[in-house]
Amino acid sequence: MKPLTLIILLTALLAPSTSTARSAKKPNIVFVLADDLGWRDVGFHGAKFAESPNLDALAHDGMIMNQFYSGGPNCAPTRACIMTGMYSPRTQLYTPGGKSKGSINLMRLLV
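As numbered in the working numbering, residues 760 to 870 make up the sequence shown, in order.
By construction, these hints were calculated from the structure, which means they are not laboratory data. Fair warning: this is a prediction, and the values are worked out from it, not measured in the lab. Accuracy of the hints is not assured; some may be wrong.
Per label pair, the in silico range of CB-to-CB distance [said to hold, decoys possible]:
| # | residue 1 | residue 2 | range |
| --- | --- | --- | --- |
| 1 | Ala783 | Gly805 | 33 to 41 Å |
| 2 | Ala783 | Ser811 | 26 to 34 Å |
| 3 | Pro848 | Leu772 | 46 to 54 Å |
By construction, the Cβ of each residue, glycine as well, lies at the ideal position given by its N, Cα and C atoms.
Using the sequences and the hints, build the whole thing.
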């Protein structure tokens, strides 16, 4: 058997086993976004008036991003930032009663 044929055959046989090994190690990611949530509105930040045991468990077992702020003053620009990956001013979505309602191309992308 020629060396080139042997190399191609071994590569073809070993390639599927390496791809299945990589796919088994994918991380589980849960992205939680809450509109109008204050700093001390959840138990893991010291809330005394509201209980949030499920969020507390997620925070205990996962990662807390303390400086991950929203992209705008309300939900529309923030959600547009998350869905498009653009900074808030580039989405042209501001306040609900504002002059700019966003570009037509962005609206087609989001719908």
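Against the structure, the hints:
Our hint of 33 to 41 Å for Ala783 and Gly805 holds, since their Cβ atoms are close to 38 Å apart. For the pair Ala783 and Ser811, the supplied restraint of 26 to 34 Å holds, since their beta-carbon distance comes to about 32 Å. Checked against the hint of 46 to 54 Å, the C-beta distance between Pro848 and Leu772 comes to roughly 53 Å, which is consistent with it.
In terms of the numbered hints stated before, the structure departs from none.
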